[in-house]
Structures are given as structure tokens and as C-alpha cells.
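S.K.: Positions in the sequence shown are counted from 1; adding 108 to them yields the working numbering.
What follows is a set of in silico ranges between Cβ atoms, one per label pair, in the way DEER data are often shown:
1. L189 to V344: 39 to 47 Å
2. L289 to I329: 31 to 39 Å
3. W310 to S212: 30 to 38 Å
4. P204 to Y306: 29 to 37 Å
5. L334 to V292: 35 to 43 Å
6. S184 to G270: 39 to 47 Å
7. L200 to L281: 12 to 20 Å
Hints were generated in silico from the structure; no laboratory data involved.
Built from N, CA and C at the ideal position, the CB exists for glycine as well.
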Amino acid sequence: MSAMATRAPRFVNSSAVIAPRPEAPPVMRAVMPPRSKPENASETADPPMGRDYPFGRSAGARRMCVYGERVSELFSRRSLLTVPNAITLVRLGCLPLFLWVLFSRDSRLAAGIIIGCLGATDWVDGWVARRFNQTSPFGAIFDPTVDRVLFIVGLSALGVDGAVNAVVAVLILAREIGVGLMMVVATAFGMERFAVTYLGKWATFILMFAVPALTLSNSGIALEPLFRLVGWVLVVPGLVLSYVTAVQY
109 MSAMATRAPR
119 FVNSSAVIAP
129 RPEAPPVMRA
139 VMPPRSKPEN
149 ASETADPPMG
159 RDYPFGRSAG
169 ARRMCVYGER
179 VSELFSRRSL
189 LTVPNAITLV
199 RLGCLPLFLW
209 VLFSRDSRLA
219 AGIIIGCLGA
229 TDWVDGWVAR
239 RFNQTSPFGA
249 IFDPTVDRVL
259 FIVGLSALGV
269 DGAVNAVVAV
279 LILAREIGVG
289 LMMVVATAFG
299 MERFAVTYLG
309 KWATFILMFA
319 VPALTLSNSG
329 IALEPLFRLV
339 GWVLVVPGLV
349 LSYVTAVQY
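Kindly produce the complete structure, drawing on both the sequences and the hints.
M.R.: This is the structure we're talking about:
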């Protein structure tokens, strides 16, 4: 025999060999492309969740937050504390004085002077707001509201007292209340606010001088005939213009 023994071949059990584990295929994840924002889209069109609208992105939540922002801006310190708003507040404060001198003191002369001054100063608060750049969201609502309250309450009081002809008072009040109701209905249905026309401004201006003149024509002073003439000369075209503008609205 040879010195080196022949080694018998070794049989390997194939079942004992562990095959290598195949690698798992890569997981494909869908990546959504970023949403492009239109150029004319506002910042509040679709804000991230919880940043500007804490209640979510639903239409009701967005609407509630927008209304809240508008109310906050309307009653903010900057919107309330302005010189024009102070002037408007002073004019509104003259209304109890007017009613007191008309009914408690029975002085049509003083009442006519007060209502005349209130009508003559109607433009002051608006002019100050525009001239000194003090326009505000609150003033834009407060000023015309006070003007309408002064006009309706003052004319109603003069009609009840008899200082102004009852037919004239009813015609003027019917127009003012009718236009006011139309504006409320238009606002409720989301329509744009009616723009004040040039003829409408003239009608209001004429009536604001006609009503005090008619009041002074029944005040017992020596100039009653003159004020009566001026009052009727002004009130007729003022009424015609006011109803023409009401139809235009």
C-alpha cells in the first residue's frame, strides 16, 4: 500500500445545506407630487391643518374663522378709537337732548335748531375720516347707521308733536324704512350693497334742511312765514328725488 492512503469521498447530505435567503424586493411607495398653488390664490384659501383654522379644513370651520377675524377687526381698538367715530357718537348723544326739549320743554325752536345742526354736520365725520386717513370698518357701518337713526327718530318725533306735517313725515319715513329694508334683504341674500347715487345725496341734503325749516315754521317766532315758504320749497323736490332714487335702487 501507498504511504498516503486514498481518502474515501465524502457524501454531503443535500438536505442539510441551507440555501441563502433571497433579498426582499424594494418596497415601492407612491409619492404624491406637491400641489401647485394658483398665483391668484389667497393665503386663507387652503391653510395647513391647525395653523390658521384650529377646527379643521371644513367649509363651516373656515367660514366660522373668517367671520371671527372680521368681527375682531370690526371691534378692534384701532377701528373703534378714531376721531370720526367720536364725532358720530356726539351726534348720536344729541338725540336724547332733542327729544327732551321737544316734549318736556315744549320748545320747537330749540328742537328745530338741534335737528338743523345735526343735519348740517352730517358730512363732518366722513370728511374727517377721509381727510386724515382715519377710515375704519366700524366707522363705515356706524356713521350711516347713526345718520338713519337720527333722521327716522327725529322726524317721527316731529310728526307726533305736530311740528311737521303728518303727511310729509309719513312719506319721508316710508321711503327711508323701505330702502333700509331692501338693504337688509339684499345683504341677507348675499347681494352687493347699494351704492349711494348722486341724486340720492342731493335728496338727503335737501330734506335735511327742509325738516328743520318746517319745524321752525311752527315755533312761534316772527319768521314763521319765511321758514314755512323755505320748508315747502325744499320738501317737494326733496321728496320727488328721494322716491326716484328709491326706484333706481
